[in-house]
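J.: So the protein sequences, as listed, match chains U and P.
So the first sequence is numbered by the numbering used here: it starts at 1 and just counts up by one.
So the second sequence is numbered by the numbering used here: it starts at 1 and just counts up by one.
Treat the hints as calculated values from the structure; they're not laboratory data.
Every residue, glycine too, gets a C-beta built ideally from N, C-alpha and C.
Do not take every clue at face value.
Here chain P is said to cover these stretches of chain U; the calculated rule only asks that three of the stretch's residues, wherever they fall, bring their Cβ under 8 Å from a Cβ of chain P [said to hold, decoys possible]:
| id | stretch |
| --- | --- |
| 1 | 15 to 29 |
| 2 | 197 to 211 |
Sample of chain P residues at the chain U side, in silico, Cβ under 7 Å [unchecked claim]:
| id | residue |
| --- | --- |
| 3 | Ala50 |
| 4 | Leu52 |
| 5 | Ala72 |
| 6 | Ser83 |
| 7 | His89 |
| 8 | Ile102 |
| 9 | Ala105 |
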Amino acid sequence: MIRRAPRGLAEHAPILFPALMLVVFFVIPFSLMIAVSVFRRVPGGFYEPDLVFANYERFLTAFFGGVMSFSLGLAALVAALAVGIAFPFTYRLVRLSRGAQIRWLVFLLSILSLSEVIIGFAWSTLLSRTAGITNLFVALGLMAEPQSLSPSFGALLAGLVYQAFPYTVLVLYPALARLDPYLEEAARTLGSSPLRAFFTVVVPALRNTIVATTIMVFVFALGSYLLPQLLGRPQHWTLSVLITDQAIYQSNMPFAAAMAVFLVLVSLALVGLALLAGRREETA
Amino acid sequence: MSALVLDGLTKRYGPVTAVHGASLRIPHGQFVCLLGPSGCGKTTLLRMIAGLEDPSGGRLLIDGRDITTAPAHTREFGMVFQSLALFPHLTAGENIAYPLRIRGAAKAEQRKRADELLELVRLPGVADRPVSKLSGGQRQRVAIARALALSPKLFLLDEPLSALDAKLREAMQIELKQLQQRLGITTIVVTHDQREAMTMADLVVVMSQGRIHQAAPPMEVYRQPADAFVADFIGMTNLLEGEITAHGAVAVPGGRLHLPNLPPSGPVLLSVRPEDVIVHPAGLDGPNRLDGTLSFMRDLGASVEFRIDVAGREIVALTRPQDRPPVAPGGALSVEFPPAACVVLPPMAERPQ
Numbered sequence: 001m002i003r004r005a006p007r008g009l010a011e012h013a014p015i016l017f018p019a020l021m022l023v024v025f026f027v028i029p030f031s032l033m034i035a036v037s038v039f040r041r042v043p044g045g046f047y048e049p050d051l052v053f054a055n056y057e058r059f060l061t062a063f064f065g066g067v068m069s070f071s072l073g074l075a076a077l078v079a080a081l082a083v084g085i086a087f088p089f090t091y092r093l094v095r096l097s098r099g100a101q102i103r104w105l106v107f108l109l110s111i112l113s114l115s116e117v118i119i120g121f122a123w124s125t126l127l128s129r130t131a132g133i134t135n136l137f138v139a140l141g142l143m144a145e146p147q148s149l150s151p152s153f154g155a156l157l158a159g160l161v162y163q164a165f166p167y168t169v170l171v172l173y174p175a176l177a178r179l180d181p182y183l184e185e186a187a188r189t190l191g192s193s194p195l196r197a198f199f200t201v202v203v204p205a206l207r208n209t210i211v212a213t214t215i216m217v218f219v220f221a222l223g224s225y226l227l228p229q230l231l232g233r234p235q236h237w238t239l240s241v242l243i244t245d246q247a248i249y250q251s252n253m254p255f256a257a258a259m260a261v262f263l264v265l266v267s268l269a270l271v272g273l274a275l276l277a278g279r280r281e282e283t284a
Numbered sequence: 001m002s003a004l005v006l007d008g009l010t011k012r013y014g015p016v017t018a019v020h021g022a023s024l025r026i027p028h029g030q031f032v033c034l035l036g037p038s039g040c041g042k043t044t045l046l047r048m049i050a051g052l053e054d055p056s057g058g059r060l061l062i063d064g065r066d067i068t069t070a071p072a073h074t075r076e077f078g079m080v081f082q083s084l085a086l087f088p089h090l091t092a093g094e095n096i097a098y099p100l101r102i103r104g105a106a107k108a109e110q111r112k113r114a115d116e117l118l119e120l121v122r123l124p125g126v127a128d129r130p131v132s133k134l135s136g137g138q139r140q141r142v143a144i145a146r147a148l149a150l151s152p153k154l155f156l157l158d159e160p161l162s163a164l165d166a167k168l169r170e171a172m173q174i175e176l177k178q179l180q181q182r183l184g185i186t187t188i189v190v191t192h193d194q195r196e197a198m199t200m201a202d203l204v205v206v207m208s209q210g211r212i213h214q215a216a217p218p219m220e221v222y223r224q225p226a227d228a229f230v231a232d233f234i235g236m237t238n239l240l241e242g243e244i245t246a247h248g249a250v251a252v253p254g255g256r257l258h259l260p261n262l263p264p265s266g267p268v269l270l271s272v273r274p275e276d277v278i279v280h281p282a283g284l285d286g287p288n289r290l291d292g293t294l295s296f297m298r299d300l301g302a303s304v305e306f307r308i309d310v311a312g313r314e315i316v317a318l319t320r321p322q323d324r325p326p327v328a329p330g331g332a333l334s335v336e337f338p339p340a341a342c343v344v345l346p347p348m349a350e351r352p353q
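Next up, chain U with everything else stripped away, as it sits in the complex:
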């Protein structure tokens, strides 16, 4: 492994391609978006170059504030639920035999390969009145008659957690696999029940991993715009849905761009926090 910094064009060559891709597909579009966000909208038309901050001023309205806080709250709830379920699951998973672990990981990866559209329609069918699980509950005598569970906040939450779960497991997996399995046993010999050992030793020992993973899932959930439309009611629409709506249906590119810039900045800030938490874990 070469430790010194690369010198000259030849040694920098391997990073030229990714650097070029980053510039072409991220830096340029993002700059354009920032530019558009300060342009002025032409009613009935498109937009023309200008330098106005009216689009950003609209962030101060109650409607925007409501959507923003709903989006952040939803993403936080999804992150908390996904990590809360995935952490104990992964803790069990890393203790299974190699073969069983591989089968589980392949299964989780296959869920990751599903598109958001398929997940959304699958859940809306599963929660529907005509073909959903309530029919099963009726057959079992748990419910009087089938009812529709979607669209609703619960349906949206279930769909988002389902989508985030495999991703969460894969992010947690390396840290949990590296954890000394004797930590929990040591806690047990020192008087902790298995459950107590889990919460007083395993969870705190991996606190930074948990924080970093939660932030990553949060950002992941913040960007979803299809599931809220498929599984939620209009009041459950997130900022991402609003951006799509403004850009495509209202033809208000400058406002959509301003919101997108804002969303990217919030996401970047959170990823930065996640990296910071990860680094502190390494030095500890």
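Could you slot chain P onto chain U? The hints should help.
T.: Using the frame of chain U, we list chain P on its own:
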């Protein structure tokens, strides 16, 4: 009165039996070493005692109380793990105070006990340091202190010194033994290092392939091994296969030995320690001597090692430098096996393999 009784403890993993009916009686305050090659079941046995593995059969009693199925956290035994298993998110002091915190002790009391224990393991003043900032030997001491925090009835250690370098290991062996004597705590250590077992233990339990071969004080294990495995595993030995020919006489390759306490007939195995074998110049007659040729000789400083070919078998002998016979490799010698030094063992076929 017996503090800890293992009554036929057995552990099976599917078709594999890791521990076959281990029975043992450990009196209060004893220092016990479970000794054996890797994979002999010694760690599994320790983990069953700790409550981390459920026995497939047998019983475990402490002071007459059956604890075979008691969960680990109710047993109140202190255990030091091979990896030490110190909690990485806590300081040295918080690690030691962890069991007190679990029991809801006040902060001040936790701190006081942690300081006391650090004093006990001769590591004062590191209570506030994170465990990642401690050296290997210091972590070792913190792990020992943590296991002792609740003044447990039983102190269990799984290969506790294997991660230390040779010099530190030696020092820690002495310290561990002194600590055990001072506290008078019943202690069980798992080790594969026979020197460690011989120097620390009151009772050495020699295991192989899931079975206890012998449980006895170190010198007895060395002087009176129960079978060929123990004789061979503890120190160096010469094993001679023989056949009893007449009353008190056994034929071995290269001659005949006269020994007391022989069984009336059949095959036997003799174990003779190298330091008990006496080397004589060839041609001098005497009892219990076999003729051979010197194949190899080396000076070990305090002693001289001879490797002598007797009827195709290699016999190892250790003598003091001043008793060295004037023979060069290839020369003829005779070796004497004093009757008192010959341990009669069951023949090889009976050795469980």
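J.: If a hint holds in the structure, say so; if it doesn't, say that too.
T.: Now the hints, each set against the structure:
no.	hint	in the structure
1	15 to 29	violated (count 0)
2	197 to 211	holds (count 6)
3	Ala50	holds (6 Å)
4	Leu52	holds (5 Å)
5	Ala72	holds (4 Å)
6	Ser83	holds (5 Å)
7	His89	holds (5 Å)
8	Ile102	holds (5 Å)
9	Ala105	violated (11 Å)
Checked against the numbered hints above, the structure violates hints 1, 9; every other hint is satisfied.
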